[in-house]
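> Take the sequences, apply the hints, and build the full model.
2 protein chains.
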Amino acid sequence: MAARLPSAWKRFSSTITPRAAPPKAHHHAPIPDHAFPAGYALTGLHCGIKKTGGPDLAVILSTSPRPASAAACFTRNAFKAAPVVVSEQVLNNNGGRARALVINSGCANAVTGKQGMDDAWAMVRATDALLNPPSKGKSETLVMSTGVIGVNLPIAKIVAGIQSQSKQGKTLGSTFDAWERAAKAFMTTDTFPKLRARTFTVNGKEYRLAGMDKGAGMIHPDMGPPRSSGQLHATLLGCILTDAAVSPPSLQSALTYAVDRSFNSISVDGDMSTNDTIVVLANGAATDGSGAQEIDEQRDPEAYATFRDALTSFATELAQLVVRDGEGATKFVTVSVDGAATYEDARRIASQISTSALVKTALYGQDANWGRILAAAGAVPLSVPLHPTRVNVLFIPTDGSPALPLLVNGEPETVDEIRAKEILSAEDLAIRVELGLGEESAKYWTCDFSYEYVRINGDYRS
Amino acid sequence: MAARLPSAWKRFSSTITPRAAPPKAHHHAPIPDHAFPAGYALTGLHCGIKKTGGPDLAVILSTSPRPASAAACFTRNAFKAAPVVVSEQVLNNNGGRARALVINSGCANAVTGKQGMDDAWAMVRATDALLNPPSKGKSETLVMSTGVIGVNLPIAKIVAGIQSQSKQGKTLGSTFDAWERAAKAFMTTDTFPKLRARTFTVNGKEYRLAGMDKGAGMIHPDMGPPRSSGQLHATLLGCILTDAAVSPPSLQSALTYAVDRSFNSISVDGDMSTNDTIVVLANGAATDGSGAQEIDEQRDPEAYATFRDALTSFATELAQLVVRDGEGATKFVTVSVDGAATYEDARRIASQISTSALVKTALYGQDANWGRILAAAGAVPLSVPLHPTRVNVLFIPTDGSPALPLLVNGEPETVDEIRAKEILSAEDLAIRVELGLGEESAKYWTCDFSYEYVRINGDYRS
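Residue numbers (the working numbering), protein chains in the order written: chain A, 25 to 486; chain B, 25 to 486.
Just so you know, not all the hints are guaranteed correct.
Repeated chains share a single entry, so a pair holds when one copy, or any two copies, can fit it.
[As the list claims (entries may be wrong)] Here are the computed lysine-lysine pairs in the DSS-like style, where the Cα-Cα straight-line distance is at most 30 Å:
(1) Lys160 / Lys75
(2) Lys138 / Lys48
(3) Lys138 / Lys162
(4) Lys138 / Lys229
(5) Lys191 / Lys181
(6) Lys229 / Lys445
(7) Lys467 / Lys445
These are computed hints drawn from the structure, not numbers from a lab.
Quick caveat, the model's predicted, so the values are computed rather than measured.
See below:
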């Protein structure tokens, strides 16, 4: 560390140039129609919630005749929003099968009492009515909402919007345009729709995955598999659709694994929402008629592992998009913790660094203030105590150039401040903390804390 | 809740007026010389660390011939700064007695390896040399440092500064002026020195307490009594001096109790420092020659409880000053959680609300966004699960006017937004959350998150 002394007491004598968040729209691009999974029809439309007239309602149907396998992870917040409670019930009633999703943005339907529950069920039933073959008695639609808390949905407008998809002029389809409109209907403070597609191969057969999500604020999810009690609201919403056939228990198990390593490992502001929900549908449309069996963990562990890893990698890509578009974010930062005694220890430290206001403001200021990284790392209780003299901290540039050690075996390095500034001025960078205690590691993705973040959230409702 | 719909998607269409932190200097005022505890001599001086020339070194001596009882709470951060490690050793070596404190600001002497330990000991030994009667073999000085991490102290300047107090022209004294200079030497990004004094009465005898502290940033302390291992750095520093006589174990026990309910219940930015330290000295100068025995928990539990409560109340006042002067703070907010099943549950929720970036930016924006308060409350695991339909959330104005209910039995109230703005525009306000689960309660004190916070911390080192 250079001998330059701090000037912290000169409280009002220095300034950083306010930097607006860089444009993010280039993270969205067309995807060829044939790249999307077979057997889904979807749309996004304006039903009248958003004053701007932008899409605020998405409807997603599986057109495969048999019900798709469905799995979900929901927020662990004690104040679960109505759509979370209702989706949990639908999943439980159907033994992990579903054929439709309905999503609205602009209003979270959270802390809305009995009316909120009625409204969420009304969305479900209106969407059930679009299914072909018709639904038999039990609801087969999962529902998600995002927006402010404590405001009732304009339910008549929403139901009319859903019903418009059974009439002349309906916009349900399976082209890129349809997928993109659905992705846009997820957005709140997001600056671009988050839509991705890719393929994976199991036992020589190629399947397709597509997904969309939204985030921006109140993003520090902690989601688990559905449970049979609760009351809710959520702001990280996502869905992943595949044309593979997967048994419901294996789909849930793969999603839980994937979510822990993706959506549950991101932070924008450290605030857990009441509505966080990730849903996956696997409709088997790629294998219909081929007689192929469902992917199942018990029957073919190898095929299952391939699917689970493909799902995890894809979920990570979707989760990272949320961080990149975090409210006011000017940086996309990967925090790796290596050499921990346990995976949980590594995760705790990565989470603490990723949510530290001091680390995040230093990143915004492009300041190589590794002391704050260290203080955050030292703040969490661990199963095996840290040995400060074994700890290394490094900045990792993303352009392939050499890493910059800041602390080696607990001793500060003489940091080349010019090189540090160079790394910190990039939009993407990584922080690596090596503990020297074991073999476990974890990754988190976070963004910086900017003037823009304060501005966006100081007047969210006004 | 009004039916006004959110406009969150109009991301760039609205602004809040940037408000600078209000001037805080009026929270500092002269104290009559006779109000300070007897038997202490102190000073604050510029030894050459701060470039501004302001006080950066404080020396505090107990002039009572017998060693004062001493107790301390230190950061639980794994990366303990050298002064924390050294102070722990001094306290352990002396069985809870000490006669001096030395504090520097501008450099935390944290993550400074062996040199840092040598420097902290050099400060201790130079201060020991000022004691009268002279110290016999064992060091009797506790040491604290605050400032940036990873930079070595300019130790020659500091030692020369300490030694100047044994020479002609020394400034050690016991007037308000001397106390004020010492308090100023604690400051880093603080905007006013934090100095308070008061009296308390035990068994008909009046004693005096005085204290000073500093904070501003990296303020989310979690301090415990000294332990016999470690390595450290700290940014909440405080000392409390009394002329009462208290046995060392009872002094430690009272301080631990007081710190949990005061310094460990405040948050500026949620970041725990490597140097947090609170020290209390009780020199018995008020009773010297009177033959009065030390206050002791075993011998006279009632006298002990009186002392402990006086200490807790005084520590709370000092802790609140730190929040009021939090970096960029424009609000001073009391968060009360009542009706919890356990004290720990109440503390967890109060802490989560106090550190929520979304709650804190809404406070800055003077926005009655109770949904964020609720989401934060629901995010923590509790020993007894929340029943959302039992929860109330209220704003409590500090002018004695009626409270404003936001949520009653889990249902949103129709909020009078004009009245909400009125309460939120005051510098001081309180948020109360009632859980309806039991009899336990806890309080936290926090501030808002402003543009100014980002500015101060974006360029801390530059």
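> Classify it for me, Lys138 with Lys229: is the Cα-Cα distance of at most 30 Å met within a copy, between copies, both or neither?
Intra 47 Å, inter 61 Å, cutoff 30 Å: neither.
> If the cut is 30 Å between Cα atoms, do Lys191 and Lys181 qualify within a copy, between copies, both or neither?
within (16 Å within a copy, 84 Å between copies)
> Is it within a copy, between copies, both, or neither that the alpha carbon of Lys138 lies no farther than 30 Å from that of Lys48?
For Lys138 and Lys48, the Cα distance exceeds 30 Å both inside one copy (39 Å) and across copies (47 Å).
> When Cα atoms must be at most 30 Å apart, do Lys229 and Lys445 count as within-copy, between-copy, both, or neither?
neither (48 Å within a copy, 61 Å between copies)
> As a check of your reading, is Lys160 near Lys75 (CA-CA no more than 30 Å) within one copy, between copies, both or neither?
Neither: 37 Å inside a chain and 78 Å across chains, both beyond 30 Å.
> Given identical chains, is Lys138 near Lys162, meaning Cα to Cα at most 30 Å, within a copy, between copies, both, or neither?
within (21 Å within a copy, 70 Å between copies)
> Measure nothing new, just compare the shortest in-copy and cross-copy C-alpha distances for Lys467 and Lys445 to 30 Å and report within, between, both or neither.
Answer is within: at 23 Å inside a copy they meet the 30 Å cutoff, but 41 Å across does not.
Of the numbered hints listed earlier, those contradicted by the structure are 1, 2, 4 and 6.
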